[in-house]
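Protein chains in written order, with this note's numbering: chain W, 585 to 797; chain A, 146 to 262; chain V, 357 to 1392; chain C, 954 to 1262; chain R, 23 to 208.
Hints listed in this document are in silico derivations from the structure and should not be mistaken for laboratory results. Please note: incorrect hints may appear among the correct ones.
To be verified - Which bits of chain V does chain A cover? Going by a derived footprint, with three or more residues having C-beta under 8 Å, they are:
1. 876 to 888
2. 1361 to 1372
As the list claims (entries may be wrong) - Label-pair distances were calculated between CB atoms; the ranges are:
3. V:F805 - A:S253: 49 to 55 Å
4. C:F1132 - V:M966: 25 to 31 Å
5. A:S253 - V:D1362: 26 to 32 Å
6. C:I965 - W:F630: 21 to 27 Å
7. A:N147 - V:N703: 54 to 60 Å
8. A:V208 - V:F409: 43 to 49 Å
Values in this document were obtained by computation on a predicted structure and should not be read as measured data. Note that CB positions come from ideal geometry on N, CA and C, so glycine has one too.
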Amino acid sequence: MEKKDLNEIEKEMKLANEGLPEKERILFSDARPSRVEPLNKYLEQFVNWARARSLWLLAFGTGCGATELRPLMTSRFDVSRFGIAGRPTPRQASVFIIGGYASIKTIKRIVRSYEQMQGPKYVIALGSCTINGGMYYDSYNTINRIDYYIPVDTYIAGCMPRPEALIAGFNRLKEKIQKGECDGMNKYADNFDWYKKNQKQIIKDWNMPDYNW
Amino acid sequence: MNLVMTLGFLLVIIGLWAMLTQKNLIKIIIGFSIIDTGVHLIIVSIGYIKGRTAPILDASVSVADAANKIVDPIPSALVLTAIVIGLAVTALMLTFVIKLYQKNKSLSIDDYQELKW
Amino acid sequence: MVSPIYILILSLAIGFLLSVIDKTNRKFSLTAFYGVLTFNVLVIADWFYRFLFLGVPTLTINTAGFRAPVSINLQLGVQESFVLLFTNLIGLFAAIFLYKKFKESNISSLTLYLILIMGVNGLVMTRDLFNMYVFLEILSISTYSLTSFGKTGKSLSAGFKYMLAGVTASTFFLLGVVFIYYFSGNLNIDFIQASQFTNYGSIALFLLSIAIFIELKPFPANGWALDVYEAVDSGIVSVIAVVNSAAILFLFYKIMPILPERFLNVFGIAGVITFLFSNMLALKQKKAKRLLGYSSIGQVGLLVASLVFTANAPQHLIYLIVGGFFINHLISKAGLFWLSGIVKHENISDWNVLRGNRSLLILFGIFLFALAGIPPFAGFWAKWELVKLLVHSKMLFALSAILLGSLFEIIFLFRWFTLTVKSDIAATIPRWDASKIFSTSFLGVIAIFFAAMIMKVYYGFSLIHILPVLAVLVIDIIDFLPSKVKGLLSLLAVLAYGYYIYPFESNIQLFFGIIFIVGSAVNIISTLNRTGKSEGFYGFLLMMIFSFGNLIIATNYLEFFLTWEFMTISSFLLILRGKQAQKASLMYMIFSTAGAYLMMVGFAFAPQLMGNSPLVISLANVQLPLISIILLSIGFMIKSGSLGVHIWLPEAHAEAEADVSSFISAILLKAGVFGLLLVGISYVKFAPSFDIFYWVGWIGVLTAIVGAFLASFQEDAKRLLAYSSMSQVGYIVAAIAMVSHLGWVSALYLAFNHMMFKSALFIAVAGIYYRTHTRNMYEMGGLIKKMPLSYITVLISIIAVSGVPPLSGFGAKWLIYTAFISNGWYLQAGVLFFASAVSFLYLYRIIHSIFLGQLKYEHQDIKEAPVWFIIPQYIFLGGIMAISAFPNLIIKPLNKIAMHYFGSSIRIDGYSIFSELGHWDGHVVMLVTMGAFIVPLLILLLLVGKTQKVKQFNIVYAAERPESPQTTHVAHNMYAHYRKALGGWGKPRIWNFWHSASEWTHSLADYFRHIYTGNGQTYVLHIILYVVVIYIVMGV
Amino acid sequence: MDIIIRILYAVISILVATVWGLTLTGIVRKIYARVHGRFGPPVWQPFLDIIQTHSRRVAISHGYMFFLGPVFRFAGGLGTYLFIPVILGSTVFGNFSMGGDVLLVMYFIFFGQLGMALGAGEGGHPYSPMGIARGLSQMSAFEVPFSLAIISVAIQYHSLNITTIVQAQQGSILNWTLFTNPLAVIAAMISLLGMNGHAPFSIVMAPQEIPIGPPIEMNGSFLGILQTNRGLFAAAKLILFMNLFFGGAAHPNILVALLIMMIKTFFIYMFSVFVGASFPRFRPEQSFRFFLKWPTAIGILAILYIAYL
Amino acid sequence: MKNILKRLNEKIDDLVVVKQRDDLYFIKVKREHTDFILRYLKLDENFKHLDFMQAVDYIENNQFQLTYMLYNYEIKINLGINVMIDREKAEMDSMHRIWPHLWQYQREIHEMYGINFPGSPRVDESFVLEGWEEMPPMRRDFDTLEYSKRTFYPRPGRSTNDPKEYMKEKLYHDFAKSPKIRRDDE
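Next up, chain W with everything else stripped away, as it sits in the complex (with noise of 0.2 Å):
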């Protein structure tokens, strides 16, 4: 194997950041991402079990299917029999929900928003739009597949999908990740450059970091 220079590395796992002015990126981090292994297996069974049993959802509504969000959390539906609760904050939050179709300028936010999650992070996509566009495949504005911008663990198709639909999404999801097979963490940072291109190809004005920690 080559001898690398260290200062080269580090430069290599650094992001450019070529969307911002020059003035401006000192105020970003400029980290990549990386994969970070799972724990040993049986710690690691044992936290999947917490986190499938405490999702927490990122409520931010990013299309139409946020309206079937709503009547998950009041008394008819009541998702929080499931330990699912909705947080403010990307930060806190485990769960993103992409609410239907995705328009560019609000794919530009999914992207942020799903960048600023802390991993492991899930993604459900929620509605047609998300898995072909839907009734808007033709759109000049409407994105056709998110999984090509973002890693999607659960589809939960239908134009809308009901409250019971999300239910059973969301136990599927519960499913997947007890078994550990939810790990769009990793994958976005294995794919990174792929995403990424994607995401840059479609959102012309790029003003923010290439990675939003």
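Guided by the hints, dock chains A, V, C and R onto chain W, whose structure is given.
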């Protein structure tokens, strides 16, 4: 209180009136002169004793009985000095008025109020 | 031994010969002129020396070979020779001052000048009334003529008005003389007695005295004089204001024995009124010479009043009071008039040209301080003794009028001073004239000489009490050295001084010695960061520090008060060094002076002290009367910035230079605390029937809460800290006012603690200011990354302020609440709780706005504060940590100090302190806190996964990114909601009160001064009416 | 040796209090849900949440103060708890109450708040200082009636010592401060509402305007520590109130005493929970004004009543 | 309303009026008259409120139609002002001085149709499409499906159904047999 003294006071008051009411600088100085004269009269009247003569030692008044024959000499001496001083002051005032008139072409005291408060 | 008659003859003779001499050469005439003046001075000096030191009896010169009363006689005694010496000296130097003008002017001015001096000499010496009239007229006529010396239109009209007034007065004088002769048959004042004038006879005396009095320019019959002062050439006007006034004043003094007492009292009161009103009217005055005119008139009024009021006092006191005022007035007024001749600018704000010449600026300061009655100049001593005298003779109205007048005087004089030192230079700088500067500096030397004489000869102060002034002089001499050298020398000097005064007689002295001297010494380190020369800085700093020390060792009221004034003036000068400090320092001076006057009266009421021990000890056995306690308390509370009189405090703290603020806050305020403690020491044994300290306590707690709120609403870091100081000192004041063991322990504990954390905070802020060049907190932010050391200082200090355990602040809180509750001051304790909760608001604000939040672009490359700021900070931090971990270090000695006055109310067992209510163990608290801190830290380190360090903009921002650091940093108007909640309580009522008080005074002054219409006739009318009013009042 | 035993005792005591505090939080969430007509999360949900937050793989940190903020907070909670005697006469649950009296406890409460405020401040998020400014302001307001109540109690028992105060309330239920000095208890209970940050005084975390307020940037283990502290701190406050106003917990059998403590703290907590579940939120200035008006007046009356009647 | 139209007719010639409903009229004006008409309607005829402004692409006529929808609160009538402008040289005078909030509509129309409004504030800033580089998307000659396919990675296997047929077949195949619900207006 005799007539002279009363007259003197009257003059003082007339002079004062002139000083306080007249706007013309010259008239004010005249007022002052009148006051001065009044004061001189008063001084003289104080020293005057009826029936006595002027305090001049000559043939008619001998040194021995001067004390009985002449009026009090001191007020007379005073009044002489006072007249001189009054004269000097009046002259000085008139000089000032001339200078003032040369500078400002006005004799009214109301025109000299630029210094106040 | 030359007979004094020759000075008259020679003046007259040379005066008339001058015009002949001048035909040959102006040089000869000038030589003759100055020769005569010098001759006069020498002759009089010779006589003065004989009278004073050789005990030669009073000299009487009979003219015309007869004895009085038959002929006119002149008298020359010690008083006459003193006055003459001074008038002639000033006359000589005024002539030197006018040298250039005399060289060019008409020869008649020289003649007139000589005749004027002759008139003065004659007037002073003669004992014959009519002769007085003659000399008075000689004096007047020469003066009238000299008014036109400057040859401006203004001076002509002013001279004319002067003449109108003069002739009116002399008419009265002449009438008076004549009637006196009429009633007594005599013209020699030595042979006239007041008893000869019954009924109508007193009219004669009245006419005579009122004429002289009018010549002394009483308010309001003095408009003419003001015009003269304003318009006439400054050299001449100094003669009019000083020499003429002195002579006429002496004339008044000479006829005083024949005046009945009721006349004198009325004249005295009229003098006081004149003093009060002319100083008040001067408040609105912007023209320098007219301002000086007002001041002169006021001073003469004060002289008349003091002449009257001291009539029955012992001789040496009369000399001190009247002589003191006399010299003070003469020197300072002549000096200031001459300075006005040098500066040549009418408006007082244009006097800043003086900054172009340092020695002139110093002279200006000397004259102004002398005029204002600042120690060590003669006026101070005269005022001190006069106040004592007035208090003892129960003339309280006159006293308050005089003090109020003095306060007005302080206001306009110091406004002038601060404007001169601080306003921007716009006017052109004149050329400095050597002869003028020479005469002026001579006066400065005389002023200092007299100050020294009074201190050394009359009072016999030892060197240590003069040390503050000496320090200024010494540093002034070595001012050419770089400031670091001076700083080190000052540090050594302070340490040496501390060592010198160290063996204290009591522990409380030691305690305050540590606060004052050690605290100052550490604070000096931060001044070592200064570059350049910092001219004048270290002198005043040393003066202030030595004054602190002298306060502790003062053994009598005068020493204490003198030192107090030294402290005030030096701190004033230090504050004045700030860039925008004009208003702030002026306000400080005004409030301090008002406080000082109250203290002066308070001390005058206090009983005499026995023995020679320091006040701290001797006051314990003295019962202060209630009035004294009230006045002293108010005085000291002004210095410590209590509620209602606090408004100077934030300004002074904020506007002073960065490294000065820490002295002011941390140490200067403690001087007020020390003073209050002195009152308290007497209070312990002799509490008055009316418990005044109860209300002082309330003021203290209200100060604490209001200060805390005000601090929370500040944007300026130093103002915030200033209000915080106010709040903390409020605690101390309240605790002292409790007059209980625990109360005093907590007060002293808090004082010590406050000294340390507030010094550290102010120095930290100074360092930040040094780097960021702003005091507005919202312009900073995020500095924790750049200035971590300063951050730690601020962090530790604010924890110490807030009283959060385990740091030393909690000890103070624990002591103070325990003290309040066990003393039965429950509601006060509640208010204090509130205050301490509110203090979190401003403490968080300062640390957050400066150090946390968003770092600005312009501060990205900023460095840590200079090492000279860091060192003292960490010394103080060390102190805080030491007494936090081992509270016994301080509680035990304080317990001992307080036990000197009360029985102990706390029990110290190991590290535990037990009061009757509760207990506290600082050591255990420290250990438990350490444990409680380390455990979660370990947990966190264990559990936290990979930690990614991010930058300031990596925040969740509602899925957006922040626009700029400025808009993201929440710091401006941080507690807007609290302000809203407070509603009407949040209005600056006290500030408004003082503001409107000032506005009212100024408007009133403006209203009153409109009586001076500028019309000569009106002035005559004033005189006539004044005579009538005085006539009625006297009830002749 | 003694010190190790003491530390051991403290650990036991802390564990019990934390578990009880978290359980209480769980119960409260259940009750809130029931008020809303929901089932609500299981009672042990807080424990799961804590495990979940601690198991995050990456934690972002804004700097040392940000890192230490939660530590300060937890230390504040621990310290507060450790200076309160939980059970009268118990060695295990007596904690370090020899360190100081109620004043110490009152001021130790600030320790954590100050540290947390500093840590959150370094986060650089604008909502943090907003929330802290509100929190500090509200604290300064509710501290007034609370301190007045404490003063009143101190006058009543002539002591600031918690143990002494509890001792004085033994014997009969009528000896409780609740009955002997009701005004003080009312004032203190109202300020407890503010202290707990429940509605109508939930302006600090106000989810609508400044989502969650100060800890908005806190994540992962930082949040986990804060959550743990929330349980412990709630327990500490409740135990303090129980000691001061509700007779404390005293029984020769330590388990019974613990049961008494749990029952009492449960009911004290329920008071603020029920108020919180049934009222809307005040705006900040309304909240400050409220505390500075009525409860303060009651507090002053409490002092006057005890001191002068 | 009639009076208003009458008065309007006096002001300008060849006024075309379309009455859509009792409370909705449209008039067609020339581009050079627009400013005058809008001012007149706002100031003299009390059409104080501007509901919205919109554009329609009449690609057939090579024209854009701009509509300013006004509302009169007193007579409660909407009045639309239609202005036809040239499609090739798409430019219109900015009316933001009459209703300040027009700048926002004009910005949107500028972005979506590429119609220029010289002088309108912030008209060049992007409104919804951040960093759009293609032809303005609302022009009818823009092929949005093609763009979507080109840009948004369409998921293969997507099929489209006619909703009516699909529904009938999938859900309501026994629709005819179900009891008929009587509607009110029948």
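Against the structure, the hints:
Closer than 8 Å: that is the beta-carbon criterion, and the segment 876 to 888 of chain V has 0 residues meeting it against chain A, so the requirement of 3 is violated. With 7 residues carrying a beta carbon less than 8 Å from a beta carbon of chain A, the segment 1361 to 1372 of chain V meets the three-residue requirement, and the given coverage holds. With their beta carbons about 51 Å apart, F805 (chain V) and S253 (chain A) fall inside the hinted range of 49 to 55 Å. For F1132 (chain C) paired with M966 (chain V), a C-beta distance near 59 Å fails the hint of 25 to 31 Å.
Taking 26 to 32 Å as the suggested C-beta distance range, the pair S253 (chain A) and D1362 (chain V) conforms, at roughly 27 Å. Checked against the hint of 21 to 27 Å, the C-beta distance between I965 (chain C) and F630 (chain W) comes to roughly 25 Å, which is consistent with it. Taking 54 to 60 Å as the suggested C-beta distance range, the pair N147 (chain A) and N703 (chain V) conforms, at roughly 58 Å. For the pair V208 (chain A) and F409 (chain V), the beta carbons lie near 48 Å from each other, so the given range of 43 to 49 Å is met.
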